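Trainee: This is what each chain is made of:
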Amino acid sequence: MGSILLVAEFQKGRIREATYELVAFARRVAEASGREVHSLVAGSGVEAAAEELAKKGGGTVHLVDHEVVAQYSLDPFLRAVTAAIEGASPDIVLFSNTPSGWDLAPRVAAAHDAAFVSDCFEVEAEGENLVLLRRVFNGKFDARVVPTLPVVATMQPGATSAFEGSADGQVAKLDADVTGESRTQFVEVREAEKKGVDLSKASVIVSGGRSLGGPEKFEEVIKPLAEALGGAVGASRPVVDAGWLPHEYQVGSSGQTVQPKLYVACGISGAIQHLVGMKSSNFIIAINKDPDAPIFEVADLGVVGDLFEIVPALTQAVKEAKG
Amino acid sequence: MKILVCLKQVPHADARLDVRSDGTWIQEENIKFEINSYDTYALEEALRIKDAGEAEVVVVSIGPDRVTQALRTALGMGADRAIHVNDPDAEGSDSLGIAKILAAVARAESPDLILMGLMADDGNFAAVGPMLAQLLDVPHTTTALKLEKANGSFTVERELEGGALEVVKLGTPALITVQTGTNQVRYASLKGIMAAKKKPIDTRSVADLELSGQVGAAAAKVRIEKVYPPPKGEGAEMVEGSTQDVVGKLVGKIKELGLL
Ligand SMILES: Cc1cc2nc3c(=O)[nH]c(=O)nc-3n(C[C@H](O)[C@H](O)[C@H](O)COP(=O)(O)OP(=O)(O)OC[C@H]3O[C@@H](n4cnc5c(N)ncnc54)[C@H](O)[C@@H]3O)c2cc1C
Ligand SMILES: Nc1ncnc2c1ncn2[C@@H]1O[C@H](COP(=O)(O)O)[C@@H](O)[C@H]1O
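As you go down the protein sequences, you meet chains A and B in turn.
Position 217 of the first sequence, counted from 1, bears residue number 217 in my numbering, the numbering being contiguous throughout.
Position 67 of the second sequence, counted from 1, bears residue number 67 in my numbering, the numbering being contiguous throughout.
Mixed in with the good hints there might be a few duds.
Quick list of the computed label-pair ranges, beta carbon to beta carbon [said to hold, decoys possible]:
#, chain 1, residue 1, chain 2, residue 2, range
1, A, Asp177, B, Ser205, 40 to 46 Å
2, A, Val197, B, Met238, 38 to 44 Å
3, A, Glu122, B, Gly235, 14 to 20 Å
4, A, Glu193, B, Met238, 35 to 41 Å
5, A, Leu149, B, Glu240, 44 to 50 Å
6, A, Asp168, B, Asp65, 55 to 61 Å
7, A, Gln170, B, Tyr228, 40 to 46 Å
8, B, Ser21, A, Asn129, 20 to 26 Å
9, B, Met238, A, Met1, 45 to 51 Å
10, B, Ser110, A, Asp113, 42 to 48 Å
11, B, Met238, A, Glu52, 42 to 48 Å
12, A, Glu219, B, Gly235, 49 to 55 Å
Don't read these hints as lab results, they were simulated from the structure.
Note that the structure is predicted; figures quoted are calculated from it, not measured.
Positions of the beta carbon are idealized from the N, C-alpha and C atoms, including for glycine.
Please put together the full structure from these sequences, using the hints given.
Mentor: Shown next as structure tokens:
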């Protein structure tokens, strides 16, 4: 049996929360199966961060400290991960399902002719096997996946609590040459532009999804309810992709994160990328014609029905209630 | 330049999905299929490069007979020719199996650029792109929102979290996976559909690609044991009744929240 290796990630100069979630997953699997935990920390000037990870559950922390890995870039990171795999001999490698994780992890799997499973929200050792749970069909179903080992998996950020205990680990400098040809060239990161519409300040948001079918339906159905409630309009990604509304209205992992007093989701299925942007709203009403839509898991009040019937009636009733 | 676009045909976004009797996937009989949403944006990017100059656009899809429809649509939109890997021996392949098949096709075609979707709307693996790049030993990037071609290289804006972007440059040959919303996808015009009837669709088997035994269900390292509706957990309090009843209850709640 091999070890379990997790690949740490930095955000604003610190090890990000999602990495400590990987620690939590890794330690649970390690405990159940008798594996050892190893981590990879690759960055520039990150020795202290590696020490911290070693004290906070990361096990044996393999350190690559070099300016070419100061930010994510394909070839240097492939070299770092390959060296860590040689050093730790894992049969389970965990990444976070983040933009660098999903860029790198499948490639690492292919390089080692290994199984690959992405965006898992649970991982468990069951006897000899590893069982991974994940969503399919954009959240409509869950799937129980059993890979052959070795396996590379990415874990969904936020799917478990970060490991908060302390544990004795140590930092081991990895003897890896991460320099050399880089076939992709990092140019820059552009932070999100400040937008005209700041949904994070709205106390009520009424959001519509793909099922609205066109921009005119937002005007006719969604906007009047938002106005009656003195709130703002929001949208799921397909609405913005189709050009019905500008990007600043998009709620979710690649849009805005909102926390209004009331969030009304109209014809939105509840894919995880949407949920992460709105699930901490104070109160959520979901209207969807599919009783199994995952949006109902995070909603406080749910209505199974046709939004084109319910939303206009609700708008009317709100107006009447206001007098 | 030659561009290879990998297309998957997936259940239509509005199709009613049910788990099939063996519990390991959805029931695929009698539902509508369409080209994976992400892949339509990848195809549109390829066609724009073609429209802007010299490029041949080849589309490839692995799947059963029904996939011909997706390839015809792509040809109708403007792709020049299509390759259909249609073989029961490919069925049940995991992401790596699919990547191996596509790698064999790509080796024979030697494209300068491979465009794919970031992820397929059915399995949501987002795996085949980077795997294929590794098998072909070419650079890749994922989640492209914008592609610019400049003498032998591509500058790509890739999506990060919360609206941030990363700018990456890659030399060719390269593989790029495309995010949704990258462009406005064209429809196949009537003229395009007529012209597509004369365009070739070549079919290939797993044996043609010399991959017998290396792909398909038996070679898969990833097995989906069970697919099931997500457990309801705490879940919402469901409001039932006539529209009038429902609306009355919602307004009551909104009042309770102090929002009216
Ligand atoms: C990297 C990445 C980032 C992403 N970022 C985001 C993001 O920031 N925000 C985001 O929203 N998505 C994001 N997505 C996309 C996400 O995965 C989903 O595809 C998207 O959220 C689905 O939008 P939807 O719910 O509107 O559409 P669908 O999933 O197609 O759902 C439509 C829903 O409408 C219901 N419906 C249909 N007709 C009616 C009717 N008449 N009345 C009531 N209900 C009806 C259906 O039952 C269904 O549940 C991202 C994906 C990726 C891979
Ligand atoms: N059967 C297939 N035929 C052709 N291309 C595919 C197939 N499956 C996946 N792809 C490509 O790989 C991308 C990512 O798919 P996946 O890794 O399955 O989420 C898709 O968007 C397609 O471009």
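Trainee: Now look at each hint and say whether the structure bears it out.
Mentor: Checked hints:
no. : hint                               : result
1   : A:Asp177 with B:Ser205: 40 to 46 Å : holds (43 Å)
2   : A:Val197 with B:Met238: 38 to 44 Å : violated (32 Å)
3   : A:Glu122 with B:Gly235: 14 to 20 Å : holds (18 Å)
4   : A:Glu193 with B:Met238: 35 to 41 Å : holds (40 Å)
5   : A:Leu149 with B:Glu240: 44 to 50 Å : holds (47 Å)
6   : A:Asp168 with B:Asp65: 55 to 61 Å  : holds (59 Å)
7   : A:Gln170 with B:Tyr228: 40 to 46 Å : holds (42 Å)
8   : B:Ser21 with A:Asn129: 20 to 26 Å  : holds (24 Å)
9   : B:Met238 with A:Met1: 45 to 51 Å   : holds (46 Å)
10  : B:Ser110 with A:Asp113: 42 to 48 Å : violated (24 Å)
11  : B:Met238 with A:Glu52: 42 to 48 Å  : holds (46 Å)
12  : A:Glu219 with B:Gly235: 49 to 55 Å : violated (32 Å)
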